[in-house]
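Enquirer: So the chains spell out like this:
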Amino acid sequence: MKRFTRLYDELDATTRTSEKEAALEAYFREAPPADAAWALALLTGRRPRRGVSPRQLRDWAAEHTGLPAWLIDECYDAVGDLSETIALLLPRCDEAGTGRAVEYPLHRVINEFVAPLASMAEPQKRGLIVRLWQELEPRQRYILHKLISGSFRVGAARRLVVRALARVAEIEPALMEHRLLGSWLPTAQDLAALMSPAGAADDPARPYPFFLASQLDDPPETLGERAEWLAEWKWDGIRAQLIHRGAAPGPSTAVLWTRGEEIASGAFPELVAAAREFPVGTVLDGEVLAWERGAPLGFAALQRRLNRVGVIPSLFPDVPVIFMAYDLLELEGTDQRAVPFEERRARLEALVERVPEPHVLVSPLVEGATWDELGKHRAGSRDKMVEGLMLKRIGSRYGVGRTRGDWWKWKIEPLTIDAVLTGAQRGTGKRASLLTDYTFSVWRAGELVPIAKAYSGLTDEEILAVDALLRGATIERRGPVRIVRPELVFELAFEGVQESGRHRSGVALRFPRISRWRRDKRAADADSLDVLLAMLRAAKR
Amino acid sequence: MLGVGEAGVFCAPGRGPGFHIDPWRPVERAVVTHAHTDHAHWGHKAYICSTTCAPVLKARYGAELPTQPLAYGEAVTIGDVRVSLHPAGHVLGSAQVLLESQRGIGLRFAGTEPWEPVRRVVISGDYKLQRDPTAEPFEPVACDAFITESTFGLPIFRWCDPAEVFDEINSWWRQNIERGRTSMIYAYALGKAQRLLAGLDPSIGPVLVHGAITKLLPAYAAAGHAFAHVKHAGLDEAKRFRGRAMVIAPQAAQHTPWLRKFAPVSDAVASGWATVRGTRRRRAIDRGFVLSDHADWPGLLQSVESSGASIVGVTHGYSQTLAQWLSERGKRTFTIETRWVGEAPDEAAAEAEPDSGAELLDGAAGGGADERGALDGAEGGST
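Protein chains in written order, with numbering that gives the first Met the number 0: chain A, 0 to 540; chain B, 0 to 382.
Keep in mind that a hint or two might mislead.
Reference listing, derived: stretches of chain B covered by chain A, where coverage requires no fewer than 3 residues with Cβ under 8 Å from a Cβ of chain A [said to hold, decoys possible]: (1) 154 to 164; (2) 304 to 312.
One-sided and incomplete, this derived list gives chain A residues near chain B with beta-carbon spacing under 10 Å [to be verified]: (3) Ala-12; (4) Thr-16; (5) Ala-33; (6) Trp-59; (7) His-63; (8) Pro-67; (9) Ala-68; (10) Trp-69; (11) Leu-127; (12) Leu-229.
Since the hints were derived computationally from the structure, they do not count as laboratory data.
All C-beta atoms, glycine included, are put in the ideal place defined by N, C-alpha and C.
Next up, chain B with everything else stripped away, as it sits in the complex:
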């Protein structure tokens, strides 16, 4: 069966211990869809993840992290459940999780109890259908039940061709150089930053990255994305390249003394939220470029359609809205409350650095058997 407990989404096979998918508390065994910190928590005893995700996780949490890499399409059997990973197109190494069981997997979410068990369930994690040279392209996976994110689950979200967005970004950069300003784009250190690096025109000027991004570049190099022209944005580089450089930094850098070394700065965000004028303006940032690593509304509908699933679970984002839309179109739907964030509208909250784990360690005792107890209704129990 598949349900959600205190530590997160949990699968209990017919026999043997179970496993979690992207749990938010330390557990025995976690299948991790990708290395963003709202999905890949610190402190699990085992991380089952894609081959290209593993080095990124290690770059974040240390080389000793107990990862169990799986190639896309390769399967591991846990109890009577076959688990395999399939590209999600979100960031390097991101995966959808396919769970298969001949006996059937019972769905144990609010409102799903009476439903028949299903044979194939896909948990999408975060995903996008758009082209992104730095992430393995999304592959539709046929299933009976599809659990999808809904970060941008409203029809106002319709992405443009990324090539157009990069044209805008590059010409903004040129304009800033003319005015003697450093260009600063705030972006998630993992994924969005590298996607930007791949789309910038390096003939315009020097490209620098904040330390949080520098740290992740070797994992990208190992996957064939070298970014040889990119420099670390240290103080010397600030002095040398100020006024013409393009700097990519996490949002948290916005009000730091580090940023002032690059003054005068014109800043921007690259996010799906830049679609909406109000959110763009409230952040007090000069420009907003609409570039997202999540599916837009047509993308969400298309992926639901191509999965062939008749049951759809909707998580983080506009979950009620997307679920209602799909149920009006004949799907059986349910929503799942998770602590996954996707992309936060007003700050990089989803991308908090993974060192504030003290209180999270307290939950480390939570094991498989205990979780099952919690799932069966003993909420607030032993974990």
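Chain A on its own, in the form it takes in the complex:
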């Protein structure tokens, strides 16, 4: 685990992309395949199931070290991360007099310790963890804690991992991404298959890398002539690929892949059944939407469905779903991505026309001869429950990743509200020990009710300034949350309002973030809940 720990530290130590990539590449060249396979799984976001709760870790550390709980809490306060606090608290191997540290390969740590942990009884868990504490050095304990608590994260973007691995395998990054999107297990054998030379057998379930649109911040005129572009609605659902492929002589494969690189077939069985109505060798790109009477039901409804894996759709008539197709990536087993966009669309329309399947629709074009006319349609987005417009260049191919230039999302301006900061919590990672996770409230009948939590949108300097002000304004602590004097006002931007049983205010904001610090306003100047309720009523109409 030493080599993996070193990689983690190297990725943690630098903010330079080139150095991160070099560290990853060196790791994949040097590490034994069984370890590299697990490292790859962890680096691409697969997390072992949580086997131990933070509470258990803390209690065992207290028993093992003989330190009182208050002192462990003091340490946690200084460090801001429980995994790290406990890793540091325990005596080092040389101090404890138990001799040298033991070195376990990463794959053994996971297969023999981390993975079985979840199904162990509490005393066995405790015995194993205490043993590992005595055998591992503090940095390795830290990684272990992150792994067993299901909170392992690493400071390297997925695309860096893919690029480094592709370089070692000597294949195109896009092909590596394609392979990684498929199903593979963190074993030396599957890693060897991922690293094999180009041309290896295709997995029928494998999706194409998604082409992502860029945010259009400038006026659309900067894109050139209106006639060079096609416009569609920007749907507010789950981006997905619907695949039906043959694996002759066996049965065909139908699968729904989300952009989060997960198979979502279990949550949407009616869409998978719909895929089977299409000819073998079809891949559609589009959006899963909760849909009723020809209009979207909104993202909140879709979320209710997502949380019920393995549902029988007829049992949930309240949330019917459809697949809103807007691109055709594969037709009759042939890759369509190099075909010009308008032609792909024409083929998509023709295909969907032929297949009488009510769960698959084609995203209609939005007409309007000029940018101005199109802008008028965009202004009506919120009433249509869409997020704005998509602009796609005529003649463009289906790209890889977020390549700028051909696909733009021309979103409507976010909704905003002025809210008071009433609670704060420490951040994580770089912001551990700073108060960066804030709770915001608005007025209702003379009292402040919480409406949202948000943590992004401030500059580092503003974060430091807010942190200092909040530390002096703490009224009360409730666990990790500090309740602060309501003094600071911020403008929050968000995409929509939903009803919520979880917030005392009865509403929840979609994608709330801080848009600016209103130093010019006092708490009394903040908005009231009525503003949000009006937005909610408008959305429902």
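We have chain A already, so just place chain B on it with the hints.
Expert: Structure of chain B alone, referenced to chain A:
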């Protein structure tokens, strides 16, 4: 009696004028534990310090500084209090102050008033137990009351063998040379810088130091630490040795044009705070090496234990935490609010250069007798 007033910790003997220990305002007579600026303030009329501390103080404040050097173990009697200095292991010339009185010394800190006077009090200043060839090694001093710092007074702070840390630093330096980068370590000009110089492997490449450090090297040479291979990091040297040199500089150099002469640079800090990932990352510095001139948690507990003191006063750092821990283990404890910093987590605040003294001069009238008035409860009075 011993207490804390506006100018700092003050000892008033049974007869005659008193003296301060590491006061933060100019006073008549100061016993100074070591030459870091949060402990050794400018403007006192007399500085009682160790023999090896005196040249460092003069290097900082000028050759005319009125020092009264004392060898370790040697004593001076002020009133009926015997004052002696003992090695603290923090930096060159650092000392613990032992106060002895047959009549007893009354402790006058918050919460200590009803306690019996004690015969032997040690004020530790800053100290460490770890090996450091550039500082006289810490010696435990038996006492009834021990006043300790607590900069790193949490059990998460446990130092590794410095030899391991220097292995890491040296291999980082080699790696930087391979990548054509200058290695830059930010460290306190006094103490940490010289400790680094002693631990670096000069066979790897040229070693340069910032002017703030160059200034202090003669005082180290006088104490037998020559550092003959070390060069001043001037512009010519920057041009010649860029890409392979190791440069030691105070933290304040981080965003200066001087630093850019060494580009491309990979930088690091050597500090006890590097233990914690968050502080390491917030400083936007490439590497953090855990090397501290303060006692870690086991070190603090060990020094309290070996002093044999039943009363422990805790100053700058995690003072409440350490005091609570010790009182749960049968010690009588109190905390003292001082302006001593030890080692600041986010910048070299404790090591501000000693030339910003204008407003400090205003307090120069503060004399012994006035201090005693302040101690007796007239806070905010004549000083």
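Enquirer: Evaluate each hint against the coordinates.
Expert: Hints, verified against the model:
1. Counting residues of the segment 154 to 164 of chain B whose beta carbon lies closer than 8 Å to any beta carbon of chain A gives 6, which meets the minimum of three for the stated coverage.
2. For a cut-off of 8 Å, the count of residues in the segment 304 to 312 of chain B with a CB near a CB of chain A stands at 0, and the three-residue condition is violated.
3. Taking 10 Å as the C-beta contact cut-off toward chain B, the hint placing Ala-12/A at the interface holds, the least distance being around 6 Å.
4. A cut of 10 Å between beta carbons decides the hint on Thr-16/A: the least distance to chain B is about 14 Å, and the hint is violated.
5. Interface hint status for Ala-33/A: violated, as the beta-carbon distance to the closest one in chain B is roughly 27 Å, over 10 Å.
6. The interface hint given for Trp-59/A is broken, as the beta carbon of that residue sits about 15 Å from the closest beta carbon of chain B, more than 10 Å.
7. With its C-beta approaching chain B no nearer than about 12 Å, His-63/A sits outside the 10 Å limit, and its interface hint is violated.
8. The beta carbon of Pro-67/A is positioned within 10 Å of a beta carbon in chain B (closest approach about 7 Å), and the interface hint is therefore held.
9. Taken as an interface hint, Ala-68/A does not check out: its beta carbon lies about 12 Å from the nearest beta carbon of chain B, beyond 10 Å.
10. At about 8 Å, the closest approach between the beta carbon of Trp-69/A and any beta carbon in chain B falls short of 10 Å, and the interface hint on this residue holds.
11. For Leu-127/A, the interface hint is violated, since its Cβ never comes within 10 Å of a Cβ in chain B; the closest pair sits about 23 Å apart.
12. Taking 10 Å as the C-beta cut-off, the interface hint given for Leu-229/A is violated, the closest approach to chain B being about 45 Å.
Going through the hint list in order, the structure does not satisfy hints 2, 4, 5, 6, 7, 9, 11 and 12.
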